[in-house]
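Participant: Protein chains in written order, with the numbering used here: chain Z, 1 to 326; chain R, 1 to 306.
Simulated from the structure, these hints should not be mistaken for laboratory data. Don't be surprised by glycine CBs; every beta carbon is placed ideally from N, CA and C. Watch out, some of these pointers could steer you wrong.
Unchecked claim - Derived coverage of chain R by chain Z (criterion: at least 3 residues anywhere in the stretch with Cβ under 8 Å from a Cβ of chain Z; other residues may be distant):
1. 228 to 242
2. 259 to 265
3. 270 to 281
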Amino acid sequence: MHPVLVTVLQRLALGLATLVAVSIIIFISIEMLPGDFGQIVLGQAATKDTVAAFRAELGLDMPAYLRYFDWIAGVLQGDLGTSFSGRAASGQDRSREVAELIGPRLQNTLFLAGITALISVPLALILGISTALYRNTIYDRSINAATLTTISFPEFFVAYILILFLSSLNQWLPSLANVDASTPLGERLTRIALPALTLTLVIIAHMMRMTRAAIINLLASPYIQMARLSGASRTEVIVKHALPNAWAPIATVIAFNLAYLVVGVVVVEVVFVYPGIGQLMVDAVTTRDIPVVQGCALIFAVTYILLNLIADIIGIITNPRLLHPK
Amino acid sequence: MSEDIQTYSATAESGNVHERRSRWAKIKLAARKSPYTARFGITVILTYVLVALLAPLLAPYGEAQVFPAPYEPWSSTHFFGTDQIGRDIFSRMIYGARNTVGIAVATTLLSFLIGGSLGLAAAIDRRWIDQIFSRSVDVLMAIPSLIFALVLLSIFGSTVLNLIIIIAVLDATRVFRLTRSVAVNVVVMDYVEAAKLRGEGLGWVMRREILPNILPPLIAEFGLRFCFVFLTIAALSFLGVGIQPPTADWGSMVRENANLLQFAQYDLRAGLTPLLPAAAIALLTVAVNFVVDWFLHKTSGLRDEQ
Numbered sequence: 001m002h003p004v005l006v007t008v009l010q011r012l013a014l015g016l017a018t019l020v021a022v023s024i025i026i027f028i029s030i031e032m033l034p035g036d037f038g039q040i041v042l043g044q045a046a047t048k049d050t051v052a053a054f055r056a057e058l059g060l061d062m063p064a065y066l067r068y069f070d071w072i073a074g075v076l077q078g079d080l081g082t083s084f085s086g087r088a089a090s091g092q093d094r095s096r097e098v099a100e101l102i103g104p105r106l107q108n109t110l111f112l113a114g115i116t117a118l119i120s121v122p123l124a125l126i127l128g129i130s131t132a133l134y135r136n137t138i139y140d141r142s143i144n145a146a147t148l149t150t151i152s153f154p155e156f157f158v159a160y161i162l163i164l165f166l167s168s169l170n171q172w173l174p175s176l177a178n179v180d181a182s183t184p185l186g187e188r189l190t191r192i193a194l195p196a197l198t199l200t201l202v203i204i205a206h207m208m209r210m211t212r213a214a215i216i217n218l219l220a221s222p223y224i225q226m227a228r229l230s231g232a233s234r235t236e237v238i239v240k241h242a243l244p245n246a247w248a249p250i251a252t253v254i255a256f257n258l259a260y261l262v263v264g265v266v267v268v269e270v271v272f273v274y275p276g277i278g279q280l281m282v283d284a285v286t287t288r289d290i291p292v293v294q295g296c297a298l299i300f301a302v303t304y305i306l307l308n309l310i311a312d313i314i315g316i317i318t319n320p321r322l323l324h325p326k
Numbered sequence: 001m002s003e004d005i006q007t008y009s010a011t012a013e014s015g016n017v018h019e020r021r022s023r024w025a026k027i028k029l030a031a032r033k034s035p036y037t038a039r040f041g042i043t044v045i046l047t048y049v050l051v052a053l054l055a056p057l058l059a060p061y062g063e064a065q066v067f068p069a070p071y072e073p074w075s076s077t078h079f080f081g082t083d084q085i086g087r088d089i090f091s092r093m094i095y096g097a098r099n100t101v102g103i104a105v106a107t108t109l110l111s112f113l114i115g116g117s118l119g120l121a122a123a124i125d126r127r128w129i130d131q132i133f134s135r136s137v138d139v140l141m142a143i144p145s146l147i148f149a150l151v152l153l154s155i156f157g158s159t160v161l162n163l164i165i166i167i168a169v170l171d172a173t174r175v176f177r178l179t180r181s182v183a184v185n186v187v188v189m190d191y192v193e194a195a196k197l198r199g200e201g202l203g204w205v206m207r208r209e210i211l212p213n214i215l216p217p218l219i220a221e222f223g224l225r226f227c228f229v230f231l232t233i234a235a236l237s238f239l240g241v242g243i244q245p246p247t248a249d250w251g252s253m254v255r256e257n258a259n260l261l262q263f264a265q266y267d268l269r270a271g272l273t274p275l276l277p278a279a280a281i282a283l284l285t286v287a288v289n290f291v292v293d294w295f296l297h298k299t300s301g302l303r304d305e306q
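Full structure from sequences and hints, please.
Facilitator: Structure below.
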């Protein structure tokens with residue numbers, strides 16, 4: 001078998017193992033709850049019978065490993081369990097399915113993350129390549145200083161500064177991103193303009209700096225010197241000679257940053273009251289609605305692991321050294 | 001260096017080979033040659049430390065003292081106005097330096113204690129300790145730490161102690177990785193072997209033989225980890241699941257006063273109020289980054305790519 005294929009398969013197996021381990025950790029979280037949490041969820045007025053019925057519904061009378069297989073089989077079929085909220089002491093059950101809660105919100109989050117990626121990735125590449133081209137000029141330095149600053153700022157600071165200037169002092173863009181299924185696309189895009197802009201500012205810095213560093217790193221190599229001596233122009237050297245070899249580190253850092261987007265989205269959704277999965281998770285944490293927290297955490301973790309896995313595999317496939325092993 | 005020499009001279013320095021500079025002289029020399037960004041960073045950090053230590057003396061009012069008028073504008077009695085239930089924002093900003101920064105420092109210290117000692121142990125004993133810790137760290141790092149922290153906080157509840165322990169454990173994974181990777185290069189040195197043959201225990205080898213040799217990268221990492229922990233705690237508090245009221249904390253103060261932003265067109269100062277605690281967070285992060293940059297530059301001998 002080809003050595004690259006072996007490495008890729010190894011990475012995939014490792015990724016799968018990580019996914020299983022992560023699912024176990026998230027599952028165990030419900031084990032660590034204090035013993036009387038049934039009482040807490042249902043309220044002080046709940047009778048012993050209701051609490052016992054609730055525990056039976058969660059399967060707390062079965063051994064843990066059986067419950068894990070039950071849970072994971074449900075998850076694989078898209079059943080994430082039932083929310084804790086909406087349960088009353090009387091035993092009346094108005095709770096909703098977690099999958100039903102998450103579904104539409106997941107679409108919103110993916111929409112926001114997708115739009116952000118569409119804006120930020122090309123922009124980061126253009127900025128990275130152009131700063132490498134005009135290295136040590138005022139343009140390069142100011143872009144560098146600006147990106148360094150946005151890296152050190154908390155997301156909510158960037159978000160509120162944008163709100164202050166673009167929404168409060170000048171009413172150009174709405175500061176609330178409350179969309180629902182019936183919002184038309186154009187309206188939807190205006191409403192998510194500010195959240196998308198915030199996320200772009202947060203993740204663009206790292207991508208742009210890595211692109212710049214990867215290209216500058218290559219510019220020192222002898223073959224670039226050769227290309228220069230042969231009379232190629234600056235742009236030609238960078239675009240035709242340096243860039244093809246820089247794709248691997250750039251692709252890796254892009255995937256890592258898209259994975260970071262998964263986390264950044266939580267804070268930004270809360271700032272702009274955007275009905276996404278991040279906001280749902282924060283609300284669930286406040287009310288300690290464990291099944292919803294588990295469902296959201298699982299989705300975030302799986303996305304994060306998959307994106308990192310893709311980054312790894314791109315890094316392996318595009319690395320010429322691995323194609324010709326010693 | 002004798003006392004009468006006021007200025008630094010390179011020729012005198014190199015001519016006087018045997019003279020060994022005292023630690024204080026080295027610090028003074030480094031400070032004189034430091035770039036302005038590092039000076040700015042150090043000044044900001046020292047100011048924050050002073051404010052945090054002297055908070056009760058500096059703050060005009062108590063941390064949770066409530067005045068009858070909520071959302072009071074900026075005035076001489078209430079320097080930055082009052083918040084949604086009538087607490088003095090200026091005083092809360094000052095106490096916030098103590099609470100927010102203090103909790104972040106405690107968390108970073110704890111994470112270095114855990115991650116550092118486990119990392120050293122794993123580097124020395126490459127058999128099962130290394131395998132167990134490295135594999136579990138791999139798994140822990142596969143989950144984004146903010147998400148993991150949210151899961152754990154929902155289970156254990158948001159108290160300050162839980163917050164410190166949870167963030168410290170999650171952050172210790174990265175400290176572990178760094179410590180282990182730096183320490184494995186030192187562990188194979190002959191003097192470590194000599195110490196082991198001398199019969200020194202694991203604790204001695206860790207503390208006296210290896211730690212001094214891996215300190216510079218760890219100190220730089222401390223600064224960066226502090227920034228990360230500080231931002232994570234601020235984000236969690238902002239989300240309402242971190243430091244709980246009535247404790248004055250910058251993250252939650254931003255959230256509580258965010259409504260004031262919409263009045264910016266009528267009174268700019270009101271619009272700026274929620275940005276003040278956020279700016280305090282950002283300023284400290286930038287300052288620490290500047291100092292870490294300078295420190296890395298000095299200890300690694302790394303030069304900017306030209």
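Participant: Now tell me if each hint is right for this structure.
Facilitator: Hint by hint, here is what the structure shows:
1. Residues of the region 228 to 242 of chain R with a Cβ under 8 Å from some Cβ of chain Z number 7, which satisfies the need for three, so the listed coverage holds.
2. Chain Z is given as covering the region 259 to 265 of chain R, and this holds because 5 residues of the stretch bring a CB closer than 8 Å to a CB of that chain, at least three being needed.
3. Taking a C-beta to C-beta cut-off of 8 Å, the region 270 to 281 of chain R contributes 7 residues in contact with chain Z, enough for the three needed, and the coverage statement holds.
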